[in-house]
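Peer 1: Each chain, written out:
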Amino acid sequence: QTVVTQEPSFSVSPGGTVTLTCGLSSGSVSASLYASWYQQTPGQAPRTLIYSTDTRSSGVPDRFSGSILGNKAALTITGAQADDDSDYYCVLYMGSGILVFGTGTKVTVL
Amino acid sequence: QLQLQESGPGLVKPSETLSLTCTVSSGSFISSDYYWGWIRQSPGKGLEWIGSIYYSGNTYYNPSLKSRVTISIDTSRNQLSLKLSSVTAADTAVYYCARWRRSGYYHFDYWGQGTLVTVSS
Chain A
1 QTVVTQEPSF SVSPGGTVTL TCGLSSGSVS ASLYASWYQQ TPGQAPRTLI
51 YSTDTRSSGV PDRFSGSILG NKAALTITGA QADDDSDYYC VLYMGSGILV
101 FGTGTKVTVL
Chain B
111 QLQLQESGPG LVKPSETLSL TCTVSSGSFI SSDYYWGWIR QSPGKGLEWI
161 GSIYYSGNTY YNPSLKSRVT ISIDTSRNQL SLKLSSVTAA DTAVYYCARW
211 RRSGYYHFDY WGQGTLVTVS S
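Order-wise, the sequence lines are chains A and B. With my numbering as the guide, the letters of the first sequence map in order to residues 1 to 110. With my numbering as the guide, the letters of the second sequence map in order to residues 111 to 231.
Please keep in mind that the hints were generated in silico from the structure rather than gathered at the bench. Idealized CB from N, CA, C, for every residue including glycine.
If we take Cβ atoms under 7 Å as the criterion, some of the chain A residues that face chain B in the derived model are: (1) Tyr34; (2) Ala45; (3) Pro46; (4) Thr48; (5) Ser52; (6) Tyr89; (7) Leu99; (8) Thr103.
Assemble the whole structure, with the sequences as input and the hints as a guide.
Peer 2: Structure, rendered in structure tokens:
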């Protein structure tokens, strides 16, 4: 069974930079897995931030950026704001209609 | 603006079948560019993909749930449905429907607000 791993938590100061990663239990993440990233605050549905590794969804601030770092997908928040205090999930598309959510990262801005 | 709305019983007894419907409005339901999916989130836990369906009826399921899941589509009503059989307390979760864009742009671009289903006797 495919497991997609993310860091459980990160803490970042306002104005600071944090990079979250999304890795595979076996193998490397490449652009061919079309990583997407979602932000979720308590009680709300997820919001799409990034798709196809590095494309920002409409209306998403440019302080959010996506990339491949080594063998993982990455989401970087540059100049963190209080509003960024949320849970973040990646999704990898494994092909043939199958996709897998990452385990999620809780980001605290303080 | 596309809107998705989940509906169904908020309480299901153990061993019974959970049934939910997602109604899609203000947008194209029949399109080769999209799948329609179900995702759930148990209390305090992460998001879990349950499965997806294409407008033609082709389905794709999470292998860990495949034996208990049926997703269907009614294009005349702009609805997709989820059935999860033999539920236990572990199936207590908020269930979301969402649109998955395909064809090189793979991601969920629209989400419903979610509906809480509790499995309890």
